[in-house]
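Could you put the whole structure together from the sequences, leaning on the hints where they help?
Now for the letters of each chain:
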Amino acid sequence: MWPFDSAPPKVIHTNERQKCWEARDGFFQCLDKNRIVSGTDPRAKSACGESQSKFNDNCIKMWVDYFLQKRIADVQKAARIQQLEQAGYKPLDSPITVEEVPDNRQ
Amino acid sequence: MLCRTNRQALKLTALQPLIRTFPRYSLRSYSNQSQEPESSSPADSKGELQNGKPKKPLSRVVIGSGTRVRKGSNQLPTRTVWRSLLIMILGGGGIAYFFQREKKRLEVRRQEKERQGIGKPLIGGPFKLTDMNGNTFTDKDLLNKFSIIYFGFTMCPDVCPEELDILAYVLNETNKDPNNKKLQPLFVTCDPARDTPEVLKEYLADFHPDILGLTGTYQQIKDICKKYRVYFSTPPNVKPGQNYLVDHSIFFYLMDPEGKFIDVIGRNYTGPEALEKVKEHLDAWRPSDAEDLPWYKNIF
Chain G
1 MWPFDSAPPK VIHTNERQKC WEARDGFFQC LDKNRIVSGT DPRAKSACGE SQSKFNDNCI
61 KMWVDYFLQK RIADVQKAAR IQQLEQAGYK PLDSPITVEE VPDNRQ
Chain R
1 MLCRTNRQAL KLTALQPLIR TFPRYSLRSY SNQSQEPESS SPADSKGELQ NGKPKKPLSR
61 VVIGSGTRVR KGSNQLPTRT VWRSLLIMIL GGGGIAYFFQ REKKRLEVRR QEKERQGIGK
121 PLIGGPFKLT DMNGNTFTDK DLLNKFSIIY FGFTMCPDVC PEELDILAYV LNETNKDPNN
181 KKLQPLFVTC DPARDTPEVL KEYLADFHPD ILGLTGTYQQ IKDICKKYRV YFSTPPNVKP
241 GQNYLVDHSI FFYLMDPEGK FIDVIGRNYT GPEALEKVKE HLDAWRPSDA EDLPWYKNIF
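First to last, the protein sequences are chains G and R. Mind the numbering: the first sequence is residues 1 to 106 in UniProt numbering, read in order. Mind the numbering: the second sequence is residues 1 to 300 in UniProt numbering, read in order.
Check the hints yourself; a few may be wrong.
[Stated by the list, open to error] Derived lysine-lysine pairs resembling DSS-like cross-links, with alpha carbons at most 25 angstroms apart:
hint : chain 1 : residue 1 : chain 2 : residue 2
1    : R       : Lys201    : G       : Lys10
2    : R       : Lys201    : G       : Lys61
3    : R       : Lys181    : R       : Lys128
4    : R       : Lys222    : G       : Lys10
5    : G       : Lys45     : G       : Lys61
6    : G       : Lys19     : R       : Lys201
7    : R       : Lys145    : R       : Lys128
8    : R       : Lys182    : R       : Lys140
9    : R       : Lys277    : R       : Lys145
10   : R       : Lys103    : R       : Lys181
11   : G       : Lys33     : G       : Lys45
12   : G       : Lys54     : G       : Lys70
[Said to hold, decoys possible] Just so you have them, the derived chain G footprint on chain R, three or more residues with Cβ under 8 angstroms:
hint : stretch
13   : 145-157
14   : 199-206
Just so you know, the hints here were simulated from the structure itself, not pulled from any lab data. The C-beta atom is built at its ideal place from N, Cα and C for all residues, glycine as well.
Here it is in structure tokens:
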């Protein structure tokens, strides 16, 4: 019926996606607990082997790669935001407060 | 205190005969005053009649007035004064309120028109695609109903499904009446190579039965994405089955029943927030020919 049966999945359904997301969250929680950033870190396999294989089994390869990359980017982003906020920067979407400037023109 | 009230009363009653009997009044008044000596005691100003004429403190009264004041009538004008004051305040307030309201309405309208810009719309335009049932779908199919358009792809790992869940949340509210569906939800794929009508149909059924998937050739998709200012990065020569993800901008586009762009709803909106915004726009929108009616036809 489907002309490209060799292609891995055609449609990912909600239940499959849910399973994948749950497996991902389980694996990432384990990584957090062990203070590992990258899922490809060799320590990940020894510390979180079980949840890692669950993650790989429930998500298609494309998504696995994407989620691993995204995790690294998210961790870096969070660290950078923390760094900036400690330096006194404020997020752009926070309400802007303008300090009153004394009028010295008179 | 009493004295003061009476004086005021006299002064004000005086205005009525003044107006009524103006032609005769100057002649009579002089003779009256010459006969009656000035009196300043409170007892005299009570308005008692002497020979049918009241005594009055001359210095406080307009010359010649009060000749026709009847006994006891000094109580009535106080009430009349308050009544007329009240009418004035209410009337004035009413008019002021009306003008304020009208001013504000026109201001909002002016801002709306300003936002619309001049000339061609910046977002939207003619397009031709194929829907998930194999029918042609063009920009003409946006007419006569509100549409909400989302650009995505079915292999999307996390963002699109989350956004489609938000869309489903909105639709559960706006389209709950099967005879009065307020929104036409459209999902335009940025990945036409893999997202055939069949894939779209199967994928979208998981989210909401109303969502209509649209696909087309790579050129057609590129064309509509350009017109809707959607960035996407599908490689043009990928073969089906090849693994890749599509990078694209994440917005819902709300279009009015004339096919014109109203607003975008971004990633930062939760389901209830998005619903709130959609409802606001559905309520506020008016056909553009109604905008040209004279102002008084739009008040009520």
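Are Lys33 of chain G and Lys45 of chain G close enough, with their CA atoms no more than 25 angstroms apart? holds (14 angstroms)
For the pair supplied as a hint, Lys201 of chain R and Lys10 of chain G, confirm whether the alpha-carbon distance does not exceed 25 angstroms. With Cα atoms ~12 angstroms apart, Lys201 of chain R and Lys10 of chain G stay inside 25 angstroms; holds.
Agreement of Lys181 of chain R and Lys128 of chain R with the hint, judged by alpha carbon distance not exceeding 25 angstroms: At roughly 24 angstroms apart (the allowed maximum being 25 angstroms), Lys128 of chain R and Lys181 of chain R satisfy the hint.
Just to be careful, I want the Cα atoms of Lys103 of chain R and Lys181 of chain R compared with a cutoff of 25 angstroms; is the pair within it? violated (35 angstroms)
What's the verdict on Lys54 of chain G and Lys70 of chain G, does the C-alpha distance respect the 25 angstroms limit or exceed it? Measuring from Cα to Cα gives roughly 18 angstroms; hence the hint holds.
Decide if the proposed pair is consistent with the structure: Lys145 of chain R and Lys128 of chain R, CA atoms, cutoff 25 angstroms inclusive. holds (18 angstroms)
Could you grab the alpha-carbon distance between Lys182 of chain R and Lys140 of chain R and see if it respects the 25 angstroms cut-off? Cα-Cα ~17 angstroms, so holds.
Sort out whether Lys10 of chain G lies within 25 angstroms of Lys222 of chain R, counting only the CA atoms. holds (22 angstroms)
Holds or violated: are the alpha carbons of Lys19 of chain G and Lys201 of chain R at most 25 angstroms from each other? holds (22 angstroms)
25 angstroms Cα cutoff - pair Lys201 of chain R, Lys61 of chain G: Given pair Lys201 of chain R, Lys61 of chain G holds - Cα atoms ~24 angstroms apart, limit 25 angstroms.
Starting from Lys45 of chain G, check that the Cα of Lys61 of chain G is at most 25 angstroms away, please. Cα-Cα ~17 angstroms, so holds.
Taking beta carbons only, do three or more residues of the stretch 145-157 of chain R come closer than 8 angstroms to chain G? holds (count 3)
Violation of the numbered hints given earlier is confined to hint 10; every other hint is satisfied by the structure.
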